[in-house]
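Protein sequence lines correspond, in order, to chains A and B. Note that the first sequence covers residues 0 to 139 in numbering that gives the first Met the number 0. Note that the second sequence covers residues 0 to 137 in numbering that gives the first Met the number 0.
By construction, these hints were calculated from the structure, which means they are not laboratory data. By construction, the Cβ of each residue, glycine as well, lies at the ideal position given by its N, Cα and C atoms. Mixed in with the good hints, there may be bad ones.
To be verified - Beta-carbon label-pair distances, calculated as ranges:
1. B/Ser100 x A/Gln11: 41 to 47 angstroms
2. A/Leu38 x B/Asp27: 27 to 33 angstroms
3. B/Lys107 x A/Glu29: 32 to 38 angstroms
4. A/Arg3 x B/Arg23: 41 to 47 angstroms
5. B/Arg2 x A/Val22: 19 to 25 angstroms
6. A/Lys127 x B/Gly98: 54 to 60 angstroms
7. A/Ser100 x B/Leu103: 31 to 37 angstroms
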Amino acid sequence: MTTRLIVLNKDQVPVLKEQDVVVFRNRLKEAATKIKMGLVNQTKLITAASELVRNMLRYAGGGKVLLEIVSRGRDNGVRLTFADEGPGISDIGLAMKDGYSTQKSLGLGLPGAKRLVNEFDIQSEVGKGTSVTILKWANG
Amino acid sequence: MDRIPILRMGRYLLVTIQVDLYDRLALDLESDLVKAVSANNSTGILIDISAVSIVDSFMGRIIGNIGTMASLLGAETVVVGMQPAVAITLVELGLDLKGVSTALNVEKGMALLDSKTGGASASHQNTNTDDDEIDRSE
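Generate coordinates for the entire structure from the input sequences, incorporating the hints supplied.
Okay, here's the thing in structure tokens:
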């Protein structure tokens with residue numbers, strides 16, 4: 000995050016119901032293809048995004064995703080910001096632990112998503128909502 | 000409403016997933032498959048995911064559930080055709096698909112099912128020295 004990022008393109012995608020996820024994934028795929036991201040990185044990015052979008056739907060009843068194409072000189076990447084107005088996460092440290100889940104899922108969503116991307120940032124306030132930002136470089 | 004078709008092939012069930020699954024579709028497939036195992040006395044399920052480009056933890060859990068439920072009914076589950084990028088992603092995600100076997104393609108998956116369920120196809124050469132062969136002398 001030391002290098003300055005230039006935002007080349009900006010797009011907002013609302014995700015309020017399950018069917019929106021498919022639309023969102025396709026948009027993401029388009030963006031990743033446009034900056035010539037390799038297939039493995041694309042798969043990692045879309046999988047991570049899929050985890051986060053699912054969290055947003057399940058815990059907050061939906062939210063919106065800011066899809067940006069960013070550049071730091073020679074490198075291009077995709078930055079996604081998932082923002083919801085849900086109940087928030089009271090203990091982020093705990094939520095980032097492998098295998099921890101408040102519902103009967105595998106608890107791999109947040110920590111798994113973090114492993115799949117280059118940058119991961121989570122902000123949450125109880126009662127206000129959660130915002131997760133991830134960034135994946137085309138060649139990262 | 001969409002549904003993933005389940006084909007019956009002898010004692011096996013064959014599922015080819017041609018679209019990226021959304022949650023409802025995956026859950027329907029899970030229950031349809033388990034019901035089909037019971038209705039058809041199936042001993043094996045072969046799931047081809049070669050057209051699936053994303054397997055996240057939810058999808059992984061569904062696949063694992065199918066394997067566990069099928070095994071409770073006495074059927075083996077083999078997942079075939081996983082794309083390399085998906086395999087790489089699954090490992091990094093930390094998902095190990097417990098309870099299901101995997102094979103490279105449909106052909107190898109069928110052979111694996113045969114060897115697991117004792118449905119020995121003639122081409123399957125049994126070279127192991129285990130003593131678990133059933134005595135069919137009578």
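Holds or violated: the 54 to 60 angstroms window for the beta-carbon distance between A/Lys127 and B/Gly98? 40 angstroms Cβ-Cβ, so the 54 to 60 angstroms window is violated.
Using the Cβ atoms, figure out if B/Ser100 sits within 41 to 47 angstroms of A/Gln11. Given about 43 angstroms between the Cβ atoms, the range holds.
Range agreement (Cβ of B/Arg23 with Cβ of A/Arg3, hint 41 to 47 angstroms): holds, 43 angstroms
Holds or violated: 31 to 37 angstroms for the Cβ distance of A/Ser100 and B/Leu103? holds, 32 angstroms
Does the beta carbon distance between A/Leu38 and B/Asp27 stay inside 27 to 33 angstroms, or does it fall outside? holds, 29 angstroms
Are B/Arg2 and A/Val22 spaced within 19 to 25 angstroms by their CB atoms? For A/Val22 against B/Arg2, whose Cβ atoms are near 21 angstroms apart, the range 19 to 25 angstroms holds.
Falls inside 32 to 38 angstroms, the C-beta gap from B/Lys107 to A/Glu29? Check passed, 34 angstroms falls within 32 to 38 angstroms.
In summary, the one numbered hint that this structure violates is 6.
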